[in-house]
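Start from chain A and add chain W according to the hints.
Going down the list, the protein sequences come from chains A and W.
Take the position in the first sequence, starting the count at 1, then add 2; the result is the number in the working numbering.
Take the position in the second sequence, starting the count at 1, then add 2; the result is the number in the working numbering.
Derived from the structure by calculation, the hints contain no laboratory data.
Just so we're clear, the structure is a prediction, and the values are computed from it rather than from any experiment.
We put the beta carbon where it would ideally sit given N, CA and C, even for glycine.
Treat the hints with care, as some may be off.
With the C-beta cut set under 8 Å, the calculated list includes, among others, these residues of chain W facing chain A [claimed, not checked]:
| # | residue |
| --- | --- |
| 1 | N136 |
| 2 | S159 |
| 3 | T161 |
| 4 | D205 |
| 5 | K261 |
| 6 | L286 |
Covered stretches of chain W (chain A as the covering partner; in silico rule of three or more C-beta atoms under 8 Å from a C-beta of chain A) [said to hold, decoys possible]:
| # | stretch |
| --- | --- |
| 7 | 98-109 |
| 8 | 266-278 |
| 9 | 312-322 |
2 protein chains.
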Amino acid sequence: MYGALEGIRVTDLGHVLAAPTCTMILADLGAEVIKVEPPKGDDSRFFGPFIKEKEGQGEQSGYYISINRNKKSICVDLKEPEGKEILRKLIRVSDVLVENYRPGTLKKLGFPYEEIRKINPGIIYCSISGFGHNTLPEFARKPAYDMVAQAYSGLMSITGPEGGDPVRVGTSVGDLVAGHQAAIGILSALWHRQKTGVGQHVDISMVDGLIYMLENAIVRYTTTGEIPTPLGTAHPTITPFQSFKTKDHWIITPIGNDKLWHSYCEAIGRTDLINHPKFKTNHLRTVNRAELITILQEVMKTKSTKEWIEIFEKNHLPYSPLNTVDKVINDPNTKYRKMVTEIEQPNIGKVKIIGTPFKLSETPGTVSGHAPLLGENTNEVLNTLLNYSQEQITNLKKKNIIK
Amino acid sequence: MYGALEGIRVTDLGHVLAAPTCTMILADLGAEVIKVEPPKGDDSRFFGPFIKEKEGQGEQSGYYISINRNKKSICVDLKEPEGKEILRKLIRVSDVLVENYRPGTLKKLGFPYEEIRKINPGIIYCSISGFGHNTLPEFARKPAYDMVAQAYSGLMSITGPEGGDPVRVGTSVGDLVAGHQAAIGILSALWHRQKTGVGQHVDISMVDGLIYMLENAIVRYTTTGEIPTPLGTAHPTITPFQSFKTKDHWIITPIGNDKLWHSYCEAIGRTDLINHPKFKTNHLRTVNRAELITILQEVMKTKSTKEWIEIFEKNHLPYSPLNTVDKVINDPNTKYRKMVTEIEQPNIGKVKIIGTPFKLSETPGTVSGHAPLLGENTNEVLNTLLNYSQEQITNLKKKNIIK
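Extracted from the complex, chain A is given alone in its bound form (with noise of 0.2 Å):
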């Protein structure tokens, strides 16, 4: 299938999670990914979930699959002359290149950013670190995980339940977002590549990234003050904004304004709450909101979850069931718009993994490659594209410089 981005190629020394979210969005969208991989492969190739190969007794890393889809893998060691040769190679002929290594590391293995451009100026280098690389040096070295982007970045001390310990955001947003970020970075360098020639570097933070995404927070406390705290379900100005618990499980009704509370109020059967003087708008609501939700909590623990949607969808409500992995996944709208698929993963079969979001009408972003097994590209990439004589690379091989 034709991407969108098909005829830009991606050199990607990523590894985990955030570089790799950043080059699985762009090889979702068509773009050539060659990723490169140290003789022990990426770290999260040892992540689980591990899935068993259907014969001999390897398995292989869930994890490592589902962010790796589309991609190509070739095995260097990038501390040997021959190795670096490589990497000076592919940077020649890439139009990206994309690191999430600490700071300093790409520099030590003799690719600084002035050397990346000296071998090929056009190019766009998009490193993603924990605190960006321009900034106070005590901070650019500091090692920085998902977990520290989410604690330093404040999304942590909103996100909890109301007066309760912190808690951190399920995935790691953290890693997710830069790599989202970085994918708009890049795009963006590339479209000011192609009306002047010049490449640049694209500086993305993951702390950064996650301060992005305070949203109101920070105006919240630049006008007013007040330090933001967790809520549990609810917002911070709309009431009722939440979870309720049903007879069986939960359901969410964010009632957004007074005309929906008005048709909430009589699909619940509590007429009598429209126009109580302590609830009749959105304000009061929420300045009695205790009262409030005890409330319409022991209205909601009459029905079940099931007996709730089907009354909501009747009244046209807004509202959702709290969706576990299981029932996601088996939804009819995952379903339609495969946001749940399958790849053919070598030495196992069907593997279920996470579509694309990238629904573009003449070039859908697509997940039809498999997630690559360590060196599977090596001597495609380097015979076809680099010019390597099947000779050199056995030599290579030999050597233990590539797998």
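Structure of chain W alone, referenced to chain A:
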């Protein structure tokens, strides 16, 4: 300042958050964003926090300001034929059209995609909705808020305290992530257009967007059959990778491998744990998590967060304090990276809002323009860009078609 996307013109029919986030990103990167607002203005102009104007009795929405900086506003009644004519002319001269109405609304206004494409075959039309435009009809028309996307996608089911009530991510990530993915889809479609001349429809869904963020939760379920659940701040497969109470607040310790475990035990003065038969490998630490966390929590409570930070810094260990928003704003890295920045807002003066994470060396993202007053650019856009005479403009104003 020259931005990477300079020269790209975006007509923005968005309201509140998802589409405005997409166009904020494009505007940060230099695109010209013309926000078309209805006579009463974008709904978010009525969302707090409110900032008092200097003179007169007015106030402006900090919520609106923070996400609409760098944009132009024209105020047009699209229900009137002359308003529709203005939109038609805008579509003709735009590269991109973005909207987040409920699916079908734009069609009702007289602008189904076929019509938009007829006016401008090269335009990139991006819609953002809860469940997508191209889906089963019962989903397409479903009212969706961020909360619905968080709950429906499964993200809420894996976020929260272990065994406790569900928790919403403290910001509207459903909108924000979809906004990012819309920007990626648009930039990819523009890339395709510059090679082929062909425009297309980018159909982004908030639920899709968050399913994409579930990361390994999907593959964990499809390979093991276990339904992922919330774990507080803990990581499902790495231990100790979570928050601990200190003497005065919290500290986050992501101890990602055995080497770090060794240093961590030394740093906290518990070398007896390093090779303890129950804790010596990450696998054992995860299996015996409850027992280990109880031991470590006792230790971590003996010193203040500041004392632990000094110890972890000295030992080059990854850590993070649990920053609240006030700390984030005053952090030296935030300042160095300009992730909180000041704009000069008309009638108000300086307002501190979120900066931009798009750090491109040649064409950096910038936050240089204020958020427009309602219809601030109506005259300029109609006159200069769409060739309306001043007389025509005065006439349209009299008829309340524009403001």
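Going through the hints against the structure:
A cut of 8 Å between beta carbons decides the hint on N136 (chain W): the least distance to chain A is about 7 Å, and the hint holds. For S159 (chain W), the interface hint holds, the least distance from its beta-carbon to any beta-carbon of chain A being 5 Å, beneath 8 Å. Interface hint at T161 (chain W): satisfied, since its Cβ lies 4 Å from the closest Cβ of chain A, which is below the 8 Å cut-off. Checking D205 (chain W) against chain A: minimum C-beta separation of about 4 Å stays under 8 Å; hint holds.
Because the beta carbon of K261 (chain W) sits about 12 Å from the nearest beta carbon in chain A, more than 8 Å, this interface hint is broken. With a least beta-carbon distance of about 15 Å to chain A, the hint placing L286 (chain W) at the interface is violated under the 8 Å criterion. Chain A is given as covering the stretch 98-109 of chain W, and this is violated because 0 residues of the stretch bring a CB closer than 8 Å to a CB of that chain, at least three being needed. Counting residues of the stretch 266-278 of chain W whose beta carbon lies closer than 8 Å to any beta carbon of chain A gives 0, which falls short of the minimum of three for the stated coverage.
Beta-carbon proximity to chain A at under 8 Å applies to 5 residues in the stretch 312-322 of chain W; the threshold of 3 is reached and the given coverage holds.
In this structure, the earlier hints numbered 5, 6, 7, 8 are contradicted, and the remaining ones agree with it.
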